[in-house]
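Q: Each chain, written out:
There are 2 protein chains.
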Amino acid sequence: MSIVAVGSVAFDSITTPSGSVQDVLGGAATYFALAASYFTQVRVVGVVGDDFTAQHEEVLKSHNIDTRGIEHAPGKTFRWGGQYLDNLNEAKTDYTELNVFENFQPRIPVEYMDSQFLFLANIHPTLQAAVRLEMKDVRLTGGDTMNFWINRTRKELGETLKLVNVLLINDNEVKMLSGEKSLPRGARKVLAMGPQALVVKHGEYGATIFFREGAFGVGTHPFRAPALPIEEVKDPTGAGDSFAGGFMGYIASQNEVNREVLKRALFYGGVMGSFAVECFGTERLQSLTRNEIDGRFQVFRELTHLG
Amino acid sequence: MSIVAVGSVAFDSITTPSGSVQDVLGGAATYFALAASYFTQVRVVGVVGDDFTAQHEEVLKSHNIDTRGIEHAPGKTFRWGGQYLDNLNEAKTDYTELNVFENFQPRIPVEYMDSQFLFLANIHPTLQAAVRLEMKDVRLTGGDTMNFWINRTRKELGETLKLVNVLLINDNEVKMLSGEKSLPRGARKVLAMGPQALVVKHGEYGATIFFREGAFGVGTHPFRAPALPIEEVKDPTGAGDSFAGGFMGYIASQNEVNREVLKRALFYGGVMGSFAVECFGTERLQSLTRNEIDGRFQVFRELTHLG
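Chains as they are written, first to last, in this note's numbering: chain A, 237 to 543; chain B, 237 to 543.
Chain A with its partners taken away, still in its complex shape (with noise of 0.2 Å):
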């Protein structure tokens, strides 16, 4: 089943300790389209300038990505330059230019419209429950959001997260929403706000989901999935989204929504996410196949599963 994925398509400059890219195509979309067809068909919406050609285009469109979402306005795509050099957890931003994105309205073609699932990428609270109420068919909402809407539009936040059934944030983004440390306290008043589960992603460590009370399925148990001791992390960014691409890809790809779907689901997060920082940019996640990727599972399987 196909998947609608709302959020940032951009060029990236990028520094790590592996080296360096200049204005490589990313943006949260991107990588989570990327990641996400692989598993199922993924349509995008999203804002791209002049500077965004065919050639990029045909990126997303050999993966079977739709792209008639994709708005075509005057001038420049939204462009970031960032750096991790001291460490690999977190960027430090050197600019951020929105160019075509700072206006950024989200316009659903119609023929999106029978999708029953949506991604929320991260972009204005406002914008992403806006999408969600115009796709009335939609069955499962994943969406995602940062510090930044955390801080600034707390209420408009709250809105959107009755209309998420499955929010994807990190360790810290849990801590800021619930002002809660304790991570299981703290998931427990983000389930509270409206998502039936909190996917809680831990970056080298891995990911966990918590469920509501009888969201899914039985009872409350978390459930938590491996990262990769990865050799070298060449380049981090994108990990996140390209996470949620493999968790909500192979969910969309599956005839039922229900536990043990959604615990397959955090592993092949984190398998596509292992995969997405081996190269810069999205570069691995161009050229992978389903084998690659469903050996990497029985990889994540065997790191974590008794005998």
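Rather than coming from a laboratory, the hints here were simulated on the basis of the structure.
Note that the structure is predicted; figures quoted are calculated from it, not measured.
Just so it is clear, CB atoms sit at the ideal spot from N, CA and C, and this is done for glycine as well.
Any given hint could be a false lead.
Here are the simulated DSBU-like cross-link-like pairs (lysine-lysine), alpha carbons at most 35 Å apart as the crow flies [to be verified]:
1. A:411 with B:411
2. B:425 with A:499
3. B:417 with A:411
4. B:372 with B:499
5. B:391 with B:312
6. B:499 with A:411
7. A:372 with A:391
8. B:499 with A:499
9. A:499 with B:411
10. B:328 with A:417
11. A:417 with B:499
12. B:411 with A:328
13. B:417 with B:391
14. A:372 with A:411
15. B:297 with B:372
16. B:417 with A:328
17. B:411 with B:425
18. A:425 with B:328
19. A:328 with B:425
Not the full set, but computed from the structure, chain B residues with beta-carbon under 8 Å of chain A [what the hints assert, rightly or not]:
20. 418
21. 438
22. 441
23. 444
24. 458
25. 460
26. 462
27. 465
28. 468
29. 496
30. 499
31. 500
32. 537
33. 538
34. 539
35. 540
Assemble chain B onto chain A, guided by the hints.
A: Frame of chain A; chain B shown alone:
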């Protein structure tokens, strides 16, 4: 099979967001011994002062822990005071009074000499090495160390690492010891220093065991065990030593030491660490049952295993 544990016995004063306690029984050997006592017989080697009463000793003896190797010296027992007010992952030390521990010279009672398992808690590496060399029948030695010894006694530590089969340290200690930021690379460098296996403790995110090629089985694939998302960490003191106790205790209770045993041991380490932090000091470790421990092992399994 019995384990000899060499390390500190102490009185701790601890303040955390959940409260504070004064001069409670602690020390690496105490946490280790109590945690391991649910799996096998433990024999402690340490030193205490006049303030260590028969009642304190009874805490250990009531868990069938052999205390004949605890030397009673004139003076006061090692005392430590610390707080975790800002950060549950790192103690701020208020005071360290080494007292009788300052001139600790481990003496192994002749009755301990038939033990096949040995745990060298965090003491001077030269003392660790001497104990290991004295105990000629030992089949498997686990060891701990810390930043202090890595910085100040690197040469001596290097000699000790050649005698340790399984080293248990945390992420930062791997980085310091190896000079590598990448965990898999750092692990490989540490394994090249001597140990056949390296357990890296990730605090609230669990632990990973890395194997030297061919050690305890085939290949070099690591294995990761989770930690339990804990509602309220009342007191993190001793979590690492309790982890080591569960890990080594389970190994010593098995007939063979192979990779599957080491993987399960990693789970039992996490289980004992998760109990330790639920109450102040060793309180929770004093009152467990094997049923509770195996119940939590199942929770850890459900937390990580796909159906």
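Q: Evaluate each hint against the coordinates.
A: Against the structure, the hints come out as follows:
Using a Cα cut-off of 35 Å, the hinted pair residue 411 (chain A) and residue 411 (chain B) holds, with the two alpha carbons roughly 27 Å apart. This hinted pair checks out: residue 425 (chain B) and residue 499 (chain A) have alpha carbons roughly 34 Å apart, not beyond 35 Å. Distance check on the hinted pair: residue 417 (chain B) and residue 411 (chain A) sit about 26 Å apart at the alpha-carbon level, within 35 Å; holds. Our distance criterion of 35 Å between C-alpha atoms is met by residue 372 (chain B) and residue 499 (chain B), whose separation comes to about 26 Å.
Under the criterion of a C-alpha separation no larger than 35 Å, the hint pairing residue 391 (chain B) with residue 312 (chain B) is consistent with the structure, at around 31 Å. Between residue 499 (chain B) and residue 411 (chain A), the direct Cα distance comes to roughly 32 Å. Compliance with the 35 Å bound is thereby established for this hinted pair. Of the pairs offered as hints, the one joining residue 372 (chain A) and residue 391 (chain A) holds, with about 23 Å between alpha carbons and a cut-off of 35 Å not exceeded. Proximity of residue 499 (chain B) to residue 499 (chain A) is assessed by CA-CA distance (about 21 Å); at most 35 Å being required, the pair is judged to hold.
A threshold of 35 Å between alpha carbons decides the hint, and for residue 499 (chain A) with residue 411 (chain B) the separation of about 32 Å falls inside it, so the pair holds. Taken as a hint, the residue 328 (chain B) and residue 417 (chain A) pair is honoured in the structure, with Cα atoms around 18 Å apart against an allowance of 35 Å. For the proposed pair residue 417 (chain A) and residue 499 (chain B), the alpha carbon gap of about 30 Å is at most 35 Å, so the pair holds. At most 35 Å may separate the alpha-carbon atoms for a hinted pair to count; residue 411 (chain B) and residue 328 (chain A) meet this at roughly 22 Å.
Among the hinted pairs, residue 417 (chain B) with residue 391 (chain B) is consistent with the structure: their alpha-carbon atoms are about 21 Å apart, no more than 35 Å. Distance hint between residue 372 (chain A) and residue 411 (chain A) is fulfilled; the C-alpha atoms sit about 32 Å from each other, no more than 35 Å. Proximity of residue 297 (chain B) to residue 372 (chain B) is assessed by CA-CA distance (about 26 Å); at most 35 Å being required, the pair is judged to hold. Distance check on the hinted pair: residue 417 (chain B) and residue 328 (chain A) sit about 18 Å apart at the alpha-carbon level, within 35 Å; holds.
Only pairs whose Cα atoms come within 35 Å are accepted, and residue 411 (chain B) paired with residue 425 (chain B) is accepted, the gap being roughly 10 Å. For the hint linking residue 425 (chain A) to residue 328 (chain B), the alpha-carbon distance of about 29 Å falls within 35 Å, and the restraint holds. The suggested pairing of residue 328 (chain A) with residue 425 (chain B) holds, with an alpha-carbon distance near 29 Å, which does not exceed 35 Å. Nearest Cβ of chain A to the Cβ of residue 418 (chain B): about 6 Å, under the 8 Å cut. The hint holds.
The beta carbon of residue 438 (chain B) is positioned within 8 Å of a beta carbon in chain A (closest approach about 6 Å), and the interface hint is therefore held. At its closest, the beta carbon of residue 441 (chain B) sits 4 Å from a beta carbon of chain A; the interface hint therefore holds under the 8 Å criterion. Hint status for residue 444 (chain B) relative to chain A: holds, with the closest Cβ pair at about 6 Å, below 8 Å. Hint status for residue 458 (chain B): holds, given a least beta-carbon distance of 6 Å to chain A, under 8 Å.
Hint status for residue 460 (chain B) relative to chain A: holds, with the closest Cβ pair at about 5 Å, below 8 Å. About 5 Å separates the beta-carbon of residue 462 (chain B) from the nearest beta-carbon of chain A, less than 8 Å, and the hint is met. With 8 Å as the threshold, the beta carbon of residue 465 (chain B) comes within range of chain A, its nearest partner Cβ sitting at about 5 Å, so the hint holds. Annotation: residue 468 (chain B) was flagged as interfacial toward chain A, and the flag holds, the nearest CB pair being 6 Å apart, inside 8 Å.
Checking residue 496 (chain B) against chain A: minimum C-beta separation of about 5 Å stays under 8 Å; hint holds. A least Cβ separation of about 6 Å between residue 499 (chain B) and chain A falls short of the 8 Å threshold, and the interface hint therefore holds. Taking 8 Å as the C-beta contact cut-off toward chain A, the hint placing residue 500 (chain B) at the interface holds, the least distance being around 6 Å. With 8 Å as the threshold, the beta carbon of residue 537 (chain B) comes within range of chain A, its nearest partner Cβ sitting at about 7 Å, so the hint holds.
About 6 Å separates the beta-carbon of residue 538 (chain B) from the nearest beta-carbon of chain A, less than 8 Å, and the hint is met. At a threshold of 8 Å, the smallest CB-CB gap from residue 539 (chain B) to chain A is about 5 Å, leaving the interface hint in force. A distance limit of 8 Å between C-beta atoms decides the matter here; for residue 540 (chain B) the minimum to chain A is near 5 Å, and the interface restraint holds.
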